[in-house]
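Use these hints to put chain B onto chain A, whose structure you have.
First to last, the sequence lines map onto chains A and B.
My numbering puts the first residue of the first sequence at 7, with every later residue one more than the last.
My numbering puts the first residue of the second sequence at 7, with every later residue one more than the last.
It is worth saying that the hints were derived from the structure and are not from the lab.
Predicted model only: the values in this text are computed from it and were never measured.
One or more hints might be untrue.
For identical chains, the list gives no copy identity; a pair is met inside one copy or between any two copies.
What the hints assert, rightly or not - In silico SDA-like pairs for lysine to any residue, Cα to Cα no more than 25 Å straight-line:
| hint | residue 1 | residue 2 |
| --- | --- | --- |
| 1 | K67 | G215 |
| 2 | K171 | E193 |
| 3 | K146 | K242 |
| 4 | K183 | H74 |
| 5 | K146 | V38 |
| 6 | K183 | D144 |
| 7 | K183 | L260 |
2 protein chains.
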Amino acid sequence: MGGDFAPGPNVAGAIEASRHGFQILLVGDEAVLREEIAEQGGLPPNVHLHHASEVVEMDEKAASAARHKRDSSLRVAFELVSHGQADAMVTMGNSGAAMASGLFACGRLDGVLRPAIATIFPGSAGPVVFLDVGANVDCKPEYLLQFGTMGAALTRAAFAVTKPKVAILSNASEAEKGTELTRASAELLGGAGSIQFCGYLEPGAMLEGEVQVVVTDGWTGNIMLKTAEGMVEHIKGLMREAADRNVLSQAGALLMKPSLSAAMSELDSSEYGGGLLLGINAVAVIGHGAADGASVARALGFAERVARAGLLDRVRESVTEQREAVEMPHGGE
Amino acid sequence: MGGDFAPGPNVAGAIEASRHGFQILLVGDEAVLREEIAEQGGLPPNVHLHHASEVVEMDEKAASAARHKRDSSLRVAFELVSHGQADAMVTMGNSGAAMASGLFACGRLDGVLRPAIATIFPGSAGPVVFLDVGANVDCKPEYLLQFGTMGAALTRAAFAVTKPKVAILSNASEAEKGTELTRASAELLGGAGSIQFCGYLEPGAMLEGEVQVVVTDGWTGNIMLKTAEGMVEHIKGLMREAADRNVLSQAGALLMKPSLSAAMSELDSSEYGGGLLLGINAVAVIGHGAADGASVARALGFAERVARAGLLDRVRESVTEQREAVEMPHGGE
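The shape of chain A in the complex, shown without the other chains (with noise of 0.2 Å):
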């Protein structure tokens, strides 16, 4: 039922991914999926429904939908995959409200600290995880070294990177640049040896692809991915505007469409239909409100695929092992 448009790309969305064949169910309002799937021409075998009576809405307070909404579509799937119904749950809805109930059905993994939403961004040398972007506003050291585990454990187990790079998010490379946290963090980053650490990385070398991972707290990368998302979205306007100035322009836009869709889809993170949330006793993809149904379908497949691929039991393991080697304080806060 998450998203701007609900249940219609969401109902779409499975439809399309049930053509890979793992079995998907659709958790909500049954009367109002009923009647979408009705008009969307029924449901194939692998797709099914599950009731939920309430729904989160996008701009609801996370904690207090969480805490308050037991029978909502976000809390109930979460407790399906909690009481192993389901390997993985995706939803297209409030993404803070999805970390606050996926943390009441679910719980922290084993030694997380503070579990954290990555965000997958589409470099020229293929995916790099950026986290956190948005779920802990305030962050220590502590966390950034475990946001740099989680991240490298799930390149390894979604894009299967077997030794990811890692660098912190800052305004310049020198190591004396930065804020006390990120100072602090490179410490911890660099003396972790299960971590192949690179300093620190500036914004715009983000998408170059000389590293797979970068972490920093989630004011900056939450501000970050935003001014990312704008500036598409602008350009793509100016670029509307550019194309529909005059008769040679249009004429030219037309001869250039399909290239450029093509290099601009580059931009879209959908193609793997949206980020993670890491360090959550659950596989959970958040995809972005404004999702059609093919990019639910690659969120559902790219759930599914990580699910399948064992990222928890890899998270799990790598903050494990991380916790063994470094010495760091027990048991979060």
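Just chain B, lined up with the frame of chain A:
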């Protein structure tokens, strides 16, 4: 002498700007400059040489460059302003070193806690002043209040906006979001009668033109600026690839080129040639290291315009007025 390709673009820019009729001093190594000037066909009568024996390199540490290179072109240019021999200075060089040299040579304006670097974004509805983009990594709420005051003074002096709206950059528009810093700053800005404060603004809304001044700390501002610049470069690269993909798209790109160049030039903040140092006792425009002659000329024109519009007096008055209206810790630290 500052910038990646100095002194070529600086000399070219001075020659181009000279047609506006104001007096221009080219500060730098006389031998080097004379050679460049000869290559460019000589100087118009209103462009003059002023010798300075040293150069601050682009990657040199700001504080040490400012302290030790007392005869650098950067330092000497500020000294000229400090001694009343120039009304403003322009550099395409190291912005950190510019801030440090400006402070050494000219000092802060009375009552300013922390000078800041303001950049000017080309918003859909006119210029948007954004600060701090790098001078102050660690900020206090009082600094952000002053950034708002100084930014508003700049929009009045430079763009004749009489009642600029001021916002704080945040990750969401709700007042309870953001960080401790943004929340405390919002309270200060909301209580400052001299400022038309309109709360939080998300990065994606920056260019939409609803506000004319956006404040943030120097860390977040620098990351955001570099992300935006990085996205523009990345997308331009994708567009070039798209244009080159096949014969159809090559033809299309040719037809679209004039409209597209016009549209993309809106993204180019070099319309004003650069950002401004705000809070020091000098009008100082800092352009991009990779600036070409046209961009240097615009920076010169912009510096002359804001100096003539009395930027320093406006900033000084606004800061004094705001400090008298709100109780604030005196004299900085």
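Results for each hint:
{"no.": "1", "hint": "K67 <-> G215", "result": "neither (36 Å within a copy, 28 Å between copies)"}
{"no.": "2", "hint": "K171 <-> E193", "result": "within (16 Å within a copy, 42 Å between copies)"}
{"no.": "3", "hint": "K146 <-> K242", "result": "neither (37 Å within a copy, 36 Å between copies)"}
{"no.": "4", "hint": "K183 <-> H74", "result": "between (44 Å within a copy, 20 Å between copies)"}
{"no.": "5", "hint": "K146 <-> V38", "result": "neither (44 Å within a copy, 50 Å between copies)"}
{"no.": "6", "hint": "K183 <-> D144", "result": "both (19 Å within a copy, 12 Å between copies)"}
{"no.": "7", "hint": "K183 <-> L260", "result": "neither (47 Å within a copy, 43 Å between copies)"}
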